[in-house]
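Chemist: All residue numbers for the sequence shown refer to full-length UniProt numbering, where the first residue is 1 and numbers rise by one.
Read the hints as simulated data drawn from the structure, not as lab findings.
The model shown is predicted, which means the values in this text are computed figures rather than measured ones.
The reader is advised that the hints may include incorrect statements.
Below 27 Å or equal to it, Euclidean Cα-Cα: the simulated DSSO-like pairs (lysine-lysine) are [said to hold, decoys possible]: (1) K101 to K137; (2) K101 to K135; (3) K101 to K130.
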Amino acid sequence: MTPQQTAEHVRDGMLARDRAARNLAMRITHIAPGEATIEMAVRDDMLNGFDTCHGGYITTLGDTAFAYACNTRNEMTVASGLSVDFVAPGRPGDVLVAEAKEQSQAGRTGVYDVTIRNAQGQLIALFRGKSYTVKGKPTVPVLSAESA
């Protein structure tokens, strides 16, 4: 398999088991080695007492994009830390777009930056995730052509 085919295979396998992403109606619009873009519409049940998107949902969107980006090589990779800076509120009906990109991958650790914007391009949050790869353990079952 090519690196792109592996990324797509991992995306499909992860999404099949990702109940959180499905329950929040997240859509993966882009996947490539070290990258993922995911969209999520802000629903009424995601609003806080200020009628803006609760920061936990924004963080979940960033964490989900981070997870898909750091697992594109089909080596089980988990979060070892994260930080989020909220810049502007998500509004009811907004479609939030999280773009995750690998910044560094060395040995078992990586750093990924995720920008979260609304559909108009306004910056909502900046997310940084630190990853740890569990060597020898695939994220999803390996296809026979992938191991060749």
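Chemist: Does each hint fit the structure? Answer for all of them.
Modeler: Now for the hints, and whether the structure bears them out:
For the proposed pair K101 and K137, the alpha carbon gap of about 22 Å is at most 27 Å, so the pair holds. Taken as a hint, the K101 and K135 pair is honoured in the structure, with Cα atoms around 21 Å apart against an allowance of 27 Å. Taken as a hint, the K101 and K130 pair is honoured in the structure, with Cα atoms around 12 Å apart against an allowance of 27 Å.
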